[in-house]
Amino acid sequence: EAGVVQSPRYKIIEKKQPVAFWCNPISGHNTLYWYLQNLGQGPELLIRYENEEAVDDSQLPKDRFSAERLKGVDSTLKIQPAELGDSAVYLCASSLGGTGEYEQYFGPGTRLTVT
Amino acid sequence: SQKIEQNSEALNIQEGKTATLTCNYTNYSPAYLQWYRQDPGRGPVFLLLIRENEKEKRKERLKVTFDTTLKQSLFHITASQPADSATYLCALDSGNTGKLIFGQGTTLQVKP
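Just so you know, the sequences run in chain order A and B. Sequential numbering from 1 applies to the first sequence in the numbering used here. Sequential numbering from 1001 applies to the second sequence in the numbering used here.
A couple of the hints might just be wrong.
Straight-line distance between alpha carbons at most 30 Å, and here's what the computed DSS-like set of lysine-lysine pairs gives [what the hints assert, rightly or not]: (1) A/K71 / B/K1099; (2) B/K1057 / A/K11; (3) B/K1099 / A/K62.
With beta-carbon atoms standing in for the labels, derived distance ranges [claimed, not checked]: (4) A/N51 / B/D1039: 24 to 32 Å; (5) B/T1069 / A/Q59: 24 to 32 Å; (6) A/T99 / B/K1003: 16 to 24 Å; (7) B/V1045 / A/K62: 37 to 45 Å; (8) B/E1005 / A/W22: 28 to 36 Å.
Computed far set for chain A versus chain B, every beta-carbon distance over 12 Å [unchecked claim]: (9) E14; (10) V19; (11) Q59; (12) E101.
None of these hints come from the bench; they were simulated from the model. Glycine included, each C-beta is placed from N, C-alpha and C at the ideal position.
Please model the complete structure; the sequences and the hints are all you need to start from.
As C-alpha cells, this is what we get:
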C-alpha cells in the first residue's frame, strides 16, 4: 500500500514568490493534516481536514497561507507571497480518524528554502 | 502556559544498553500520548500509543509508560542497536480534539 505522497520534495524560491505543495493521503483516510517543522523542533499543526472541511486552521497564517482539499482526497497548501521565515519542512499526514487515538501517517515532507 | 519538554541534548548510549527518553508536559490533560521516530530527511513514523488509563505499553523492544500524576511519559528501547539511532518525538492530544502537540524531539545515538 502506498504511503502519503508529497511533492515536490525540495523547493527553492525567492522571497515574495508564490509556492504550492501537494499531498495525496493514504486511501481511505478521511483526516488530513499539514504541519510545519523547523530544524530541531517537532511538527506544528497548520491545518486539519475532515474530508473536505477544514476543522482546525487556527494556526494557519491566513494572510499568506491557504489550503484546499477538494473532493476530500488530495490537498494543496499554498504560500503567497513567501517570506524568508517560511523556510522549513512542510509535512503532510493522514489518519483514519480525527481524534488522538489514531496514529498519523506522515509523508516525506517538502523542504522549502526561501532566499 | 502549556508546554511539552523532551531532553534537548542528544542521548548517546552503547549498543546493547537500554535507552530511556523522557517526555514531560504541563497544563495538558491528554487522553492519549503517542511516540514517533524520525530519521533525517523523512517524516515521523508512528511507534506506540498509550491511553491515559494505561500505565505501560510494550511492543517488541519498546516500552512506554504514562504517569498522569507526574505528567510524564518514559520511552524505553531495550537491547539498543545502532539502527535505533534517530530522533524520537512524543506527541499528546490536546483535549481529544485530534490535534497532536509534538515535543521538540530527542536525538538518540547508539554506538557499536
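Cross-check of the supplied hints:
Note on A/K71 and B/K1099: the hinted pairing holds, with a Cα-Cα distance of about 22 Å set against a maximum of 30 Å. In summary, the hint linking B/K1057 to A/K11 is not supported, as the alpha carbons are separated by about 40 Å, beyond the 30 Å threshold. The straight-line distance between the Cα atoms of B/K1099 and A/K62 is roughly 19 Å, inside the 30 Å bound, and the hint therefore holds. Separation of A/N51 from B/D1039 is about 31 Å and conforms to the stated range, judged on CB atoms against 24 to 32 Å.
Between B/T1069 and A/Q59, the C-beta spacing of about 30 Å keeps the proposed range 24 to 32 Å intact. Distance hint check for A/T99 and B/K1003: the Cβ-Cβ separation is about 22 Å, which falls inside the suggested range of 16 to 24 Å. Our hint of 37 to 45 Å for B/V1045 and A/K62 is violated, since their Cβ atoms are close to 31 Å apart. Range check, B/E1005 to A/W22: about 34 Å between beta-carbon atoms, so the 28 to 36 Å window is met.
Under the 12 Å C-beta cut-off, the non-interface status given to A/E14 relative to chain B holds; the minimum distance is some 24 Å. Against the 12 Å criterion, A/V19 stays outside the reach of chain B, whose nearest CB is about 19 Å from its own CB. Distance check for A/Q59 against chain B: the nearest CB is about 9 Å away, which does not clear 12 Å, and the non-interface claim fails. Look at A/E101: its CB is around 5 Å from the nearest CB on chain B, not clear of 12 Å, so calling it non-interface is violated.
Against the hints set out earlier in the document, violations occur for numbers 2, 7, 11 and 12.
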